[in-house]
Amino acid sequence: MITAFIQSSIPLGVPLLFGSVGEIVTEKSGHLNLGIPGIMYAGGIGGVIGAFLYEQACGNQLANMNPFLAVIIPLLVSILFSVLMGLLYSFLTVTLRANQNVTGLAITTFGIGLGNFFGGSLVKLTNSELPSVILTKTSGFFRASLPFADDLGWFGRIFLSHDFLTYVSIVIAIVVSLILNRTRIGLNLRSVGESPATADAAGINVTRYKYTATCLGSAIAGLGGLQYVMAYANGVWSNDAFGDRGWMAIALVIFAIWKPLLAIAGSFLFGALCNINNYLPGLGIETKELFKMLPYIVTVVVLIITSMRKKREYQPPQSLGLAYFREER
Amino acid sequence: MADVMTKKHTHEPAITIAKRDDLVWWKAWLIRLAAILIGFLLMGFVSMMLTKVSLGEVFSMMIRGAFGRLFEGGKATMLWKFLQETAILLCLTLAVTPAFKMKFWNCGAEGQALMGGLGAMICMLELDGVTPWLHTVLAVVLGIVFGAVWGLIPALFKAWYGTNETLFTLMMNYVATQLVAYYVLIASKGLTVIRPVETGALPVLGNQKFLLNILVVAVTMVVLYFYLKYSKQGYEIAVVGESQNTARYIGINVKKVIIRTMVISGAIAGLAGVLLVAGTDHSINTHTVGGLGFTAIMVSWLGLFNPYIMAAMSALVVFLNIGAAKVADTFFLNSSYADIVAGVVILFVVGCEFFIRYSVKFRHTKKEARS
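Going line by line, the protein sequences match chains E and C. Counting the first sequence from 1 gives a position; this note's numbering is that position plus 22. Counting the second sequence from 1 gives a position; this note's numbering is that position plus 144.
Next comes chain C alone, as it looks inside the complex:
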């Protein structure tokens, strides 16, 4: 491409870019699918070179890593774990989505989820002499409130003074991390690990530890879909996101919408934290959320503001993570290989949006030579 560009031409550039009108939906999806496929193949080849096994072997290893022995009649524990991780990532993705639709870059889902977990943990540990069901309810409520407050703080300053929310929410992540580190040391009396507690934990459905988490996230997904698409508040979010001036002109209270949406955003992230702490781990540490809050930002954007697509994208990212980790594990490579694989595939999908929004035309050099 580079040599074509540097050639002398007097009339028009070798490559012209023009904005497309809306592309037919299936063509757009074909492009996205192709991007994912190319990303997969590229990483497959890299894995091949690193591990010196065939491409097919790499992919079958990834599939086995993610879904386990499901296809061989096993107990499907790996599948449950896959679904659980997808659900948590989806929950965080859902959390940041209303904010993104409003063009509020909430990069703080990590911290909001940690605070949610912390709220639940405090309730589980410190509360005494309450009936078990009430204890659980209080843990859930406190967790969600903690998450919501963590989302509310940057929103207030954004609404009042226009404070940059990307950096504000990022910083709040680390404040939350340190708060959790502080609480862990206090609650464990200096042992650095909180022993799992059962009081106030979420109930286990049908002997499946992860089932309740998955159901809760599924319900959240459907509710959020209708909230964003069909409710008045969802419409207000979309208008504020498109143009604050328009929103003001048609009488929407922009400040109120920003604050309300971020409380919702933080509350859903808090819910993810509650599911992790009260539902799965029954304990907390600074790595409980493990960076999923950042991954969620990318997944939300890849999901085109549609919760169902986000579910598919979450599954894809979790599959990449677990699968690549399995490949790395088998060959004694560092588990961060998973981050590289996920990063590359996401970069491909991010890049391919260009070909959906713009059309690229190459100049036919022979014809031009005459004119």
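Extracted from the complex, chain E is given alone in its bound form:
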């Protein structure tokens, strides 16, 4: 029972982990990207489009699909989509110095619209005969897990039975943490987020760092959408199914006080919180709705606690949300 609970909670946490690590990278450059929910939708639908086109290209010989291509094509299209969204966001906020909150929200509207639009119209636009977008075959490749995992009892089921993107998400979080804290690039990036004017004076190319961090962050976050639709939802795109996970990922950034390693723990904790209503015995359907509040309430409590304890390590990057214009004092 507990094993099943943990095993089923982990996939729920993975999109949150991708989203929050992507947002951490972005925020370290001083940009509060509220477009992440939309970018995750775009990443998800990018994967769907890639997989759909590849399955179409294979036609009737679905059995002959090359497993490598079946994974790499959706992956690349997904990354392409989210990077394009990231570019759009950074062009508007870095080059055109537009308001970050408003731009982010507009990107979210746009991205969710993009996802639902292609999800609902892909079949119609390509004149295919399929009734709807169901990519079970491709999803099978994404869901492939270690064959001996189930033989290892609870340990295997909790730690080894997941799709490969789950492990990718953890690796990315660790790598990002190392880069941020142990390399010169990370130091430069953090200085850009804390005080772009100082970084600029020190000879760091602020614009380039901001662009790179935002696009990289978007690419990471977009993988969350890909994992959700391909691994968790069995390759079935249904509109708005991804829901508000993007916002939860943004909230997780604060929960993790801008540390990717804490984001790992936070994501799986949130996954469990989203899942707990299915596993507590004796809950009525009404009470289940109340239990679905838990992740949000926990976020609020964490927000309040971190703001009450004004330690310097717990604070956001100092120039977060502010546009940088060199000639301004």
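Among these hints, one or two may not hold up.
[Unchecked claim] Stretch-level coverage of chain E by chain C, calculated; a stretch enters the list once three of its residues show a Cβ under 8 Å from a Cβ in chain C:
no.: 1; stretch: 124-132
no.: 2; stretch: 270-282
no.: 3; stretch: 312-318
no.: 4; stretch: 321-330
no.: 5; stretch: 341-350
The set of hints was computed from the structure by calculation and includes no laboratory data. Yeah, the Cβ is synthetic: ideal placement off N, Cα and C, and Gly gets one too.
Mind docking chain C on chain E? Use the hints.
Chain C only, in chain E's frame:
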């Protein structure tokens, strides 16, 4: 642009950006209008490619979608619906505006409106044996109070501890959604849909279901305009927004202003919820507000803190939404096409502010080559 930038130059960059002094108002508006127009044309061309009809056909379809058969002597039901949606979006926009002017990012209008609707709904369903007019008044009051409380909670923590309000208010949206989901299941005894009830509903003016809503929002708009522009409290909001230190220096109680403004903000959002539940739907579900609370944030910013411009911007966004939905509907495309269209046009308007605030100068390459 990219190749110009990468060329070797020793003296000055190819493009220089300088901050402008205040641009003449009509020039600024010309830029904004051009941005909207470019956005429109771009989406028109995209629609053209998707649907394979002419540009004119796309736009006339959008206009018909939004305004219906008004121009052909019809009953103008579509126009009323257009006005109703504009009014609700405007009401939510007005709600977030005082908070924005204070630089308090209230992203929770969605939840505050849902709570307002929930308050009205509870009053309409649970209250018994009250005179009809009192029942309605109580529903309105309870709704507004619910909305105000939902705005008050993040404000208190912002004022006391400086808690990040963007995320706090965002999270409150989802708590509100779950509360509504919970109440719907309780009130409908597990049926997941509340049957419309007439007790405590707002009266219908002149046989037009939406007229009262529109009037209420119009009055709110005018009142808010004067409140922000001419009242002492409106001035305090502006000062706190510009600089909290200045505000403290001239003796404004910043905490009090934050809390008071957010109560007002939440109350107006609650009013929007009341209008939706007690005025139009007479029922509630988790999609009653339908994301308008988020759209309102963008509209408020596009409206430059001026309620009248916001009314125009609300109308524009609603027009885009309904019109694009009509285009999508006609060609069996997904209705989310409307979100894409609205998103693109808004991005254009957001981006064009740059050209209002900064001037861009290109270097004349020939002259520079000699020096």
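Going down the list of hints, with the structure as the test:
no.	hint	verdict
1	124-132	holds (count 8)
2	270-282	holds (count 3)
3	312-318	holds (count 4)
4	321-330	holds (count 6)
5	341-350	holds (count 3)
Of the hints listed earlier, there is not a single one the structure fails to meet.
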